[in-house]
Amino acid sequence: MRHLLDTKHLSREDALRILDVAEDMRDTQSREVKKLPTLRGKTVVNLFFEDSTRTRISFEAAAKRLSADVINFSAKGSSVSKGESLQDTAQTLQAMGADAVVIRHGASGAPQTLATSGWITAGVVNAGDGTHEHPTQALLDAFTIRRRRFGDDSRGRDLAGVRVAIVGDILHSRVARSNVWLLHTLGADVTIVAPPTLIPQDLSAWPVQVAYDLDDAIAAAPDAIMMLRIQLERMNAAYFPTEREYSRRWGLDATRLRALPEGSIVMHPGPMNRGLEISADAADSPQSTVLEQVANGVSVRMAALYLLLAGDRSDTNAQEDAR
Amino acid sequence: MTSTESPRTVMHAADIARALTRISHEILESNKGPDDLVVLGIPTRGVTLAERVGGLLAEISGTPVPVGALDVTMYRDDLHRNPTRTPHPTEIPAGGIDGKTVVLVDDVLFSGRSIRAALDALNDIGRPAAVRLAILVDRGHRELPIRPDFVGKNLPSARAERVNVRLIENDGVDEVTIES
Amino acid sequence: MTATLIRGAMLNGTDATDLIVDDGVIAEVGTGLSRAGATVVDAAGLVALPGLVDLHTHLREPGYEASETILTGSRAAAAGGYTTVFAMPNTSPVADTAGVVEQELALGEAAGYVHVQPIGAVTVGQKGERLAELGAMASSRARVRVFSDDGFCVFDPLIMRRALEYVKAFDGVVAQHAQDPRLTEGAQMNEGTVSAELGLAGWPAVAEESIIARDVLLAEHVGSRLHVCHLSTAGSVDIIRWAKKRGVNVTAEVTPHHLLLTEELVRGYDARFKVNPPLRRDEDVQAVREGLADGTIDIVATDHAPHPDEAKSCEWQAAANGMVGLESALRVVQQTMVDTGLLDWDDVARVMSAAPARIGRLDTAGTPLVAGAPASFTLYDPAPVRTFARADLHGLSVNSPYLGRELPGEVRWTVFRGRTTVADGVVAASMDAEARA
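Those protein sequences? They're chains S, A and D, same order as listed.
Residue numbers for the first sequence follow our numbering, beginning at 1 and rising by one.
Residue numbers for the second sequence follow our numbering, beginning at 1001 and rising by one.
Residue numbers for the third sequence follow our numbering, beginning at 2001 and rising by one.
One should not assume that every hint holds.
[Unchecked claim] To give a feel for the contact side, a few chain D residues facing chain S, derived at Cβ under 10 Å:
id	residue
1	PRO2181
2	ALA2187
3	ASP2238
4	GLY2247
5	SER2313
6	CYS2314
7	GLN2317
8	ALA2318
9	HIS2394
For the record, the hints were derived by calculation from the structure and aren't laboratory data.
Note that the structure is predicted; figures quoted are calculated from it, not measured.
Even for Gly, the Cβ is constructed at its ideal location relative to N, Cα and C.
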């Protein structure tokens, strides 16, 4: 695997491979010595143009548990905020010997531009680009669903027949996009639920059902319901009238939580707006997987870094980089 | 004289069975019984052999002996020279390895690097009282100071030759072959 | 200056004809011509077209000379077979006064490759708030007749109405960049299935169509001419067709890139394909081709938009909009319209020379190849198929979407008022050396 840029182009075979290796990584986290020597001598750079402490720490922990060296670069106060281009930033990192660049950027497509530009030879992991994709989030979400369903017997299994509802600002959500493609690849049925203003204008190519009514979607008994964070700035661009109305129509409150089947899980990529898209009851219930998702994030990112960096990179497909 | 013949069988099913039985007896003799033994196979065929040896140890001694698997992929020193390897699960039996005598089991012993990686992996899992090594075929050409405690067959070989171990559970047949 | 005898060119693609060029005009047109002492150009197999006229070019000077200058843009135009370009006013300072347009005219004359005809801004600074001194620009030495805020839409309906009315006084025309700014805030590409997948903010077709619909009704109401820049959607073609049927005095242009390229090229986030209006769907490409073929769309205009490397070699969102297009225009029109049988070379002469000159009210340009007419023409070889490469670009910037793509044809000669700007495929190093008539 030369780069991990998205889940749209991730084959079922590669997706299962990442999830299964993540199982092995997860096992090592319950030992006394949680560290593996596998990526000793490799340098992983966290190139974060957007603030994100949680994701950055998760990647940092993943890299360190594989004994890689980690360099953190955040845009604030750096040369980037003074106008340095992506190209110059990338080439500086290359000159410093980065083996992998984990990039979070506000512009959709920036990781792909980085990976195909010829500016760097390092492997690129997309940690979230604009409103486009966040592949490791979708992978840890799939890992979480699989674990809850199959426990220690998860290896090799896909999510055929699992019913997932994704609720919230689909239009602006890279988490939603990555999840739609990956869940579909793994055989799950996906329904998206949102106000019409927050659904992309043309969804004909998406393998999903669309619902505007959250109560109807819950009555259909999904196995997992994934709540997305709503950004209040959207209110100012007339996507919905008030917080209150959004919360009443699309928030997972206590009543809706009770209406969910007992075995259904409640997911959230974090950070949560408690009381807005998800109530405290839902967030803290035994059905909530919020904390497991965070823990699983480290295992999945360890798997991604391992598959990107451990093997011989020179034989990987140069075609992947062609513009 | 270079041989262009098809693979030569050096151990048939019966030879393998006899070797494993003998190894099991030797393990019990050297350990003075089955106490505190933990048998860990190195995937893939080492795990199959470990299960057979564990079964034989239990049969001979009358006491069940814990059997597990120890994957060494993450500890190899040659990862970056090969296409990415997929790891296998590591299963340490309940009861762990602290204070136990761990018997590592693998099918072929060659450079010794897999065993070095296995020792590093064991080190991160716990602190065994002792580690022993049981091997079905020792083909020589060691690159590290590693030696087996229990050997099924010593098989002098040319470096360029290939030694293949096939087991019923994995390949449908029990045999060890060598080919140029 | 000696005369030139062009032998055996296919006038507008038909029978082989000879032309004699003398003293800046076409002296004679016929067969079996001869002229003592004339330089002979063997034009067998070449199509002779009147010098192309681009109603929509960005020459970037004054203010953005790192991207292009009037000199380098003129050279690029000549290389593409052009002898007249209309220069859009989004310069710095904006061309909203007689002073700036006269400066542009002078720079074009000094360069000497093409006639640079300035376009004046509709509003001061192109801000959309107050009308610029349109009359002063019309009366200036630059004789501006086309006015545009291109790059921006004249969004305020009242300002658009006033502009449409006001330019009637001097037979001017407002060329609208149709883009509702409220519907396209932060837009990056066409809104549709591809934008939904790529996570790029969408530029919906309705943002173009709704402005055109409004403007044709305004033009009808006040009895004015209207020109619509870079039409890109099937819906827009339908609206123009409807308006023309009603008798509205509206003309429209399409760019070569909208005749060929679709939004699928945005996958991969290569900013060479980032342009405003954006690349659209295949259905839109088919619709504008049909529109150009049936006359609903009157002309091809390049919207040649040079940008420096750092504005294109970056993440999509940070990249500038625009593609250079002067050098490739005729080749793309050949591939999409002539080779497909939708237009013949006579039609090409109309949509790329005569009609743009007429819309721009420039009677010295776009003239047919007849005795007595100014000797401004291009000789084009439609036969070769070559990969478009850096060597084909003659401006300062190289942001072309065609690099690496096979295109037919090659401009072999361009002559501007009797002076040769492109000889045997080579752009003249300078036009100073040539004796001026």
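Item to complete: Using 10 Å as the Cβ threshold, decide whether ALA2187/D counts as touching chain S.
Response: The hint is violated - ALA2187/D has no Cβ within 10 Å of chain S, the shortest such distance being about 12 Å.
Worksheet item: Against chain S, with CB atoms and a cut of 10 Å, does the hint on GLY2247/D hold up?
Response: With Cβ-Cβ at 35 Å, over 10 Å, it is violated.
Worksheet item: Does the CB of GLN2317/D sit less than 10 Å away from some CB of chain S?
Response: Where the cut-off is 10 Å and the nearest Cβ of chain S is about 4 Å from GLN2317/D, the hint holds.
Item to complete: May I ask you to test the interface hint for ASP2238/D with respect to chain S, counting a Cβ-Cβ separation under 10 Å as satisfied?
Response: violated (20 Å)
Discussion item. A closest beta-carbon separation below 10 Å is what the hint needs, so does ALA2318/D meet it against chain S?
Written reply: Because about 6 Å separates ALA2318/D from the closest Cβ in chain S, which is inside the 10 Å limit, the hint holds.
Item to complete: With chain S as the partner, please determine if PRO2181/D meets the hint condition of a C-beta pair closer than 10 Å.
Response: Interface hint status for PRO2181/D: violated (14 Å vs cutoff 10 Å).
Item to complete: So, HIS2394/D near chain S? Judge it on the closest CB pair being under 10 Å.
Response: With a minimum Cβ separation of about 24 Å from chain S (threshold 10 Å), the hint on HIS2394/D is violated.
Discussion item. Does the closest beta carbon of chain S sit nearer than 10 Å to the beta carbon of SER2313/D?
Written reply: holds (6 Å)
Worksheet item: Minimum Cβ distance from CYS2314/D to chain S below 10 Å?
Response: Constraint on CYS2314/D satisfied, holds at 6 Å.
The structure is inconsistent with the numbered hints 1, 2, 3, 4 and 9, although it conforms to all the rest.
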